[in-house]
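**Q** Single-letter residue listing:
2 protein chains.
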Amino acid sequence: MSRCRMVFSGSGGQGVITAAIILAEAAVLWEDLVAVQSQSYGPEARGGATRTDVIISESDIHFPKANEPNVLVCLTQEAYNKFYTIIRPGGLLVTDTRYVKTQRKVDARQVELPLFQRVMEEIGKPIVLNICMLGAVVGLTRVVKPESIRKVLKDRVPPEFFDINARALELGVAMGRDAAS
Amino acid sequence: MSRCRMVFSGSGGQGVITAAIILAEAAVLWEDLVAVQSQSYGPEARGGATRTDVIISESDIHFPKANEPNVLVCLTQEAYNKFYTIIRPGGLLVTDTRYVKTQRKVDARQVELPLFQRVMEEIGKPIVLNICMLGAVVGLTRVVKPESIRKVLKDRVPPEFFDINARALELGVAMGRDAAS
Chain A
1 MSRCRMVFSG
11 SGGQGVITAA
21 IILAEAAVLW
31 EDLVAVQSQS
41 YGPEARGGAT
51 RTDVIISESD
61 IHFPKANEPN
71 VLVCLTQEAY
81 NKFYTIIRPG
91 GLLVTDTRYV
101 KTQRKVDARQ
111 VELPLFQRVM
121 EEIGKPIVLN
131 ICMLGAVVGL
141 TRVVKPESIR
151 KVLKDRVPPE
161 FFDINARALE
171 LGVAMGRDAA
181 S
Chain B
1 MSRCRMVFSG
11 SGGQGVITAA
21 IILAEAAVLW
31 EDLVAVQSQS
41 YGPEARGGAT
51 RTDVIISESD
61 IHFPKANEPN
71 VLVCLTQEAY
81 NKFYTIIRPG
91 GLLVTDTRYV
101 KTQRKVDARQ
111 VELPLFQRVM
121 EEIGKPIVLN
131 ICMLGAVVGL
141 TRVVKPESIR
151 KVLKDRVPPE
161 FFDINARALE
171 LGVAMGRDAA
181 S
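Protein chains in written order, with my numbering: chain A, 1 to 181; chain B, 1 to 181.
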């Protein structure tokens, strides 16, 4: 991996910003990588779709916004409608099966995953959807090791919530790896 | 205010990133401004000082990193030592009295505030230091209205923690206004 530009998008409460910060920290603290993570809020932020950018690289990053991401995740239909056009040709577009029902044809690999459904079936807490999504991204792209994410969760998540976060991560990684193979 | 470039710095657990995200959201959701908020993690991130950048503007922002911030907040000595040189000449440098003991002469207005001490005396929960700091920045700079921060807290903070956050905000705003006058 020389450089991975990612955009995670969804609605305000889905925790995509937290997922992006955890990924950036994992890359930097536990793998010898550099990362930039950002939120740009313009008038469109008032619309309801949240966007967060993460760039992970082996070398210095000069511009922090992932204008044409090679990985785009959309966790709501609104986020999909707003952002699907920015995917880099040949990139990877990941959507949640329940939240994104209508997709257009894009020049990218489209992977639909039942993230929300599996989180509810196996963990029962919608709050960890973001970590399951992050696991799926890691499973699909191998941008960092799942263990690096787990270490950041261990440091950041209150002890009583670590277990459900670790399970959501594992679930997502397995789903991502299945879809990658 | 045409453009305000800010850097908040401290140690990992002090919540400076959360404070920056809340400020950016307040500016955009409640005040018709645009904002960019970012974290850059290089090899230095492994050292222990966390840095987060927020730019708030009335018009488009093209480069999201606040290279020469006009407001710099340092909540630890380590963060101070690492970042004090980046302050824009004539800017505002805010430090916490307890955590930053040794300061160099800089071409900026230096404001030392007993944020941690007052939070402990009046609220007793160190976890809201970041919101008190944010209040102080708002009180000093008037970059957004305290009420806009309060509305974001209302939406983001679990109901049982809203009260201590609102009190921390109010305390910080009062300290910032006192120091500004």
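If you are wondering where the hints come from, they were derived from the structure by calculation, not from laboratory data. Among the hints, erroneous ones may be present.
Said to hold, decoys possible - Simulated restraints on C-beta separations:
(1) A:112 / B:111: 50 to 58 Å
(2) A:68 / B:60: 12 to 20 Å
(3) A:120 / B:13: 27 to 35 Å
Please read these numbers as outputs of a predicted model, since none were measured by experiment. A virtual CB, placed ideally from N, CA and C, is assigned to each residue, including glycine.
**Q** Which of the listed hints are not met by the structure?
**A** When the structure is compared with the hints, none of them turns out to be violated.
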